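> Sequence:
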Amino acid sequence: MSHPPPPAWAIRTKADRQALKDGCYWDQAAADRIIRFAEKYVAPKFTQGAFSLFPWQIRFLQSLYGWRQPDGTRRFRWAVLHVPKKNGKTLLVSILAAYELFAAGEPSPLVASASTAKENAKQVYEQVCATIDKQPALKKIAKQVESKFKIFVKSKDAEFRSLSAEARTHEGANCSAVIVDEAHAHRSPALFNCLRYSTAGRPNGIVVVISTAGDDLTHFYAGFVERARNVLKGDDLDPTFYAEVYEADPEKDDLDDPAVWKRCNPSLDLYPGFTSANFAGDLASAKPKIADWLNFQRYRLNIFRRPEEGGWVDLAQWDQRRDMVPESELLAAPCWLAFDGSQTTDPSSVSAVWLLPGRRYFARSWAWVASEGVRHREQTNLPRYQQFAAEGVLTITEGNVIDKWAIREHIRAMRTAGHQVQMIVMDGSGYTVFGTELETEDGFQVFRMPQNMEHFADPTREFNEAVLAGTLLHDGNTWLRWCVNSVRLATDSNGRSRPVRRKSVDKIDGAIATLMAFSQAYRATAPDPNAGAPPAVFLV
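FYI, in UniProt numbering the residues of the sequence shown are 1 to 540.
Just so you know, these hints were derived from the structure itself, not from any lab. Honestly, I wouldn't trust all of these hints.
To be verified - The calculated DSS-like cross-link candidates involving lysine-lysine, where the alpha carbons are at most 30 Å apart (straight line), are:
#1 Lys154 / Lys134
#2 Lys139 / Lys122
#3 Lys140 / Lys40
#4 Lys89 / Lys122
From a predicted model like this one, the values you see are computed outputs, not experimental measurements.
Based on the sequences and whatever the hints tell you, model everything.
Shown next, in the form of structure tokens:
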């Protein structure tokens with residue numbers, strides 16, 4: 001059976017052209033059906049009367065439902081929509097949920113939306129309910145259960161669930177459609193991982209990920225956006241992955257250019273209040289303060305940005321500094337070690353910084369955690385310690401106290417291997433006995449580094465500058481990467497900054513240990529290592 005060609009706008013990528021060659025086709029009736037449903041039945045919560053979809057929203061929805069596999073099932077199993085705030089993401093979530101529940105034609109549909117918190121799940125649920133409540137034909141057949149954020153349609157054996165990451169009973173679902181709302185705000189991939197393969201048993205199953213930019217390039221959503229970019233560039237030819245990305249490029253775009261605003265915000269100037277004039281005013285108001293400007297770039301131009309207090313090391317720059325330095329070169333270079341220890345079940349970390357020729361530095365980090373700490377970690381939504389252990393960068397020791405002997409052996413083994421250990425730097429507030437053992441029994445020079453602005457401000461600044469300049473390299477250690485990205489800074493009245501644990505997103509032990517080791521390696525490169533530095537305090 002022959003099919004008419006897709007509209008020209010629907011052939012956007014190299015993957016689209018390949019899909020046509022492989023027998024995929026365009027079903028205009030299916031593409032039109034969801035638009036008729038949306039404009040007839042869907043009622044945005046805060047609108048009165050009829051509404052019309054914007055052209056870009058029509059294209060998005062028609063692409064998802066118009067493209068078909070050769071066997072007639074839908075082509076796309078995954079979809080990513082990366083778009084700034086105020087462009088109508090919430091409306092699309094409710095359209096997709098309502099259509100899949102009432103009209104998509106999937107047998108016994110189970111539709112799930114995944115939100116970050118219970119309050120967000122409630123908002124999605126209420127948006128779908130608003131559509132039902134304004135349409136007698138839908139309200140007649142639907143049963144709403146507000147206490148569970150569920151909607152049932154008995155005549156279709158259909159169910160909608162608005163889920164939050166706070167609940168822990170999402171395993172085993174056989175979903176026909178999953179809609180991940182504001183994916184960037186999910187603190188962990190736990191809920192997403194429960195649902196990502198829940199559509200695998202459905203011939204027409206689909207997972208749609210919709211979000212604005214986040215502030216964390218290690219987040220699972222950042223990975224999806226990167227894959228979407230690759231699809232659009234033609235580097236990824238997966239015919240089942242739909243990508244639509246609206247964002248500015250801070251390296252190439254003039255962020256003051258109204259054409260850039262329009263390209264990033266497909267709904268700009270299409271509804272009252274969301275105008276170019278207002279956008280320009282908001283941009284001008286945000287620019288004077290760096291925190292406001294970064295947030296504007298993130299929420300309104302869809303650029304992954306971190307808030308001011310977290311802006312220590314740009315993760316994209318950090319990733320570019322991954323390198324492999326031959327062991328022979330490391331053995332020939334002076335090395336500084338640093339130990340950041342925990343008193344309870346948190347990780348302890350040892351980092352090494354080598355001073356290479358040309359005032360270059362190379363960093364590595366290792367961590368240890370007690371098994372009881374692993375158990376506590378599993379009860380959170382944060383990345384599991386087993387992930388780091390599986391990659392060989394974290395060692396799990398038995399019990400509820402970290403085995404300091406294992407750490408001591410690691411330090412001793414580095415010297416035995418021939419590394420030129422100049423000094424071991426430690427937090428001055430604890431581990432007096434451990435430090436004394438390293439000094440008196442093992443013969444290391446141990447420096448107790450006060451954890452204050454005087455000692456950390458210069459290294460904090462110089463560390464970041466070394467990353468930007470490309471003179472600080474590392475081995476790509478995932479534990480250290482996570483710690484560096486989790487750091488949040490405190491700034492004093494003189495504009496000096498240092499990492500602060502209580503502000504940080506997660507554990508930063510590896511980053512602190514690396515920074516302490518770097519502080520001494522950096523001082524060794526200065527013409528006068530003691531110039532401007534507080535007097536050293538040695539452990540005795």
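> It remains to establish, for every hint, whether it holds in the given structure.
Going down the list of hints, with the structure as the test:
| no. | hint | in the structure |
| --- | --- | --- |
| 1 | Lys154 / Lys134 | holds (19 Å) |
| 2 | Lys139 / Lys122 | holds (19 Å) |
| 3 | Lys140 / Lys40 | holds (16 Å) |
| 4 | Lys89 / Lys122 | holds (16 Å) |
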